[in-house]
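*Asks:* From first to last, the protein sequence lines are chains A and B. The first sequence: position 144 = 144 (the working numbering), numbered continuously. The second sequence: position 220 = 220 (the working numbering), numbered continuously.
Since the hints were derived computationally from the structure, they do not count as laboratory data. Hints may be right or wrong, so weigh each one.
Stated by the list, open to error - Covered stretches of chain B (in silico footprint by chain A; criterion: 3 or more residues with CB under 8 Å from a CB of chain A, positions within the stretch not fixed):
(1) 173-186
(2) 261-271
(3) 353-362
Backbone N, C-alpha and C fix where the C-beta goes; we use that ideal spot for every residue, glycine too.
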Amino acid sequence: MRFFSADMNEQRVAMLKNVPIFHELTNKEILEVDELLHERAYEPDEIIFEEGDQGHGVFIIISGKVRVDPCHKLLKTANLEFGPGELVGELTLFDEAPRTATVVAIEHTVAVALFQAEFSSLLTKNKSIGVKVLNEIARILSRRTRQLLLQEKHCPSI
Amino acid sequence: MRTFPQPSAVTLLATILSTCLLLFLFQKIIWIVVPLLLALMLYYCLRPVVAALVVRGVRHKTAAQFVWLFLQLITIAIVLEMALLALAKSGTWQSDFGRYLAGGQNLLKKTAENLEQMAPIFRSMKMSEQVDILAQQFTDRFSNGNLLPIAMRVLKLLPSLLLIPYITYFMLNDSTRMKKYIIRSVPNAFFEKSLLLFSRLDSSLLNYFQGLILLTLLDTACLAGGLEILGIKNAIWLGLASAVLAWIPYLGSVIACIVVVVVAATDFPEKYWVAYACLVLFLSVRTLDDFIFVPLTIGRKLHVHPVLSILMLFLGAMVAGATGLILTLPLFGVVAVICETVSQVVTDRRLKARYRAARQLTSSQGYDGHC
């Protein structure tokens with residue numbers, strides 16, 4: 001059963017190649033990861049997830065722009081708009097904690113979601129892809145944490 | 001199997017109605033329902049094998065193909081074995097069947113005579129004569145009226161069982177994509193929760209089916225070992241068939257026990273204690289199942305209330321006859337999990353409000369677009 005033609009596969013690969021966490025992957029590896037991703041489209045002002053929701057995964061923005069509405073004092077000082085290639089909700093990829101902020105689409109936004117269960121199966125089944133993706137996520141997390149600690153007004157982890 | 005809270009009355013009613021409707025539909029397409037159910041069970045049992053191959057560096061598709069090839073070889077071996085058996089027994093199966101029915105009838109008569117000797121009340125009731133007449137009437141009616149239709153139904157079902165390896169292969173190869181396509185139809189507001197419940201349902205089914213296969217192996221080992229000690233022929237096959245029949249709640253174990261006791265009574269016409277020993281063996285394995293094997297393997301059963309189970313059995317028999325009687329409880333268990341999952345998603349007020357807001361946004365965007 002084939003769900004995509006070769007052309008569509010190439011388009012997907014090109015689209016996902018622009019996402020920093022997939023930079024290190026080969027085309028074949030990207031197609032494997034793509035099987036685990038869920039694509040969603042959001043209208044302007046539509047909520048992607050809400051503060052307090054039980055989170056289960058990360059949203060990667062492919063196109064459009066989103067805004068973060070945090071309650072937490074520390075996050076309010078940061079720059080809270082995210083665009084293509086950026087991640088939101090990455091903390092819940094590692095534990096099922098409640099979301100710490102509400103994320104709303106500012107314009108028509110397309111995002112792909114990678115969920116904890118699928119990410120864990122990727123790490124178990126295909127270690128080489130799993131390690132590359134995990135490495136990139138860890139890099140983003142550490143950069144955001146450092147920026148937050150230094151109170152730079154840019155990209156917090158949510 | 002269930003990891004969800006108790007359902008509300010509305011959910012329960014929806015579950016009962018959906019089960020009845022599905023049973024009604026399933027009896028019309030039983031030739032595809034049975035292979036689908038067996039393929040689903042095989043899929044959950046073989047998924048860890050495919051995953052293990054993938055971990056060792058085999059591509060997912062190649063691993064699924066390898067497992068499919070293995071399944072095909074097993075199917076060919078079973079088909080050949082059955083064809084050879086059918087050829088060898090083609091002339092004698094009718095007389096063998098009659099012999100086993102007579103063996104069962106003799107056992108009943110002998111048991112009634114023993115009871116008459118022990119308790120005078122049974123003698124005054126002329127129990128042995130009554131049992132003899134009733135058993136004779138039953139065997140005549142069964143062999144004349146019911147045997148041929150049952151045999152024809154089973155024969156009609158056999159070719160469709162060849163579909164099992166193919167369906168299992170497609171499930172192994174494309175399950176992730178199928179899941180993606182199902183989830184795609186869920187609105188954004190319910191997406192994350194649906195995905196979580198889907199994943200929980202999937203892991204519950206995985207544990208349930210793997211536990212069921214382990215339980216079947218344990219039951220087979222115990223029954224085959226016991227029957228072998230008692231000197232019954234084909235002990236392994238009888239043990240395996242009984243363990244598989246036990247998949248049908250309540251009825252399966254009873255049918256399997258009757259078959260084995262009848263076989264023992266026929267093969268040992270002078271030693272009736274062997275048939276009684278088989279009965280004791282079945283009761284012992286049932287007790288072992290309930291107190292040791294089930295908690296060790298499946299953990300929890302379907303958790304259907306006994307009154308509800310009996311009600312569902314009656315409803316199943318009424319709606320779909322013998323098919324309903326067999327399928328009603330497993331189907332009810334699966335439908336209950338699905339209904340509870342759906343009710344949890346659609347009754348979440350926060351998600352419903354978000355869904356309504358998203359719909360308003362979509363419609364207003366559409367209106368703006370036209371302007």
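*Asks:* How does the region 173-186 of chain B fare against chain A when you require at least three residues with a CB closer than 8 Å, holds or violated?
*Replies:* It holds: at least three residues are needed, and the region 173-186 of chain B offers 8 whose Cβ sits within less than 8 Å of chain A.
*Asks:* Verify this for me: three or more residues of the region 261-271 of chain B with a beta carbon less than 8 Å from a beta carbon of chain A.
*Replies:* violated (count 0)
*Asks:* Verify the coverage statement for the region 353-362 of chain B against chain A, using a C-beta to C-beta distance below 8 Å and requiring 3 or more qualifying residues.
*Replies:* holds (count 5)
The structure fails hint 2 only (numbered hints given earlier).
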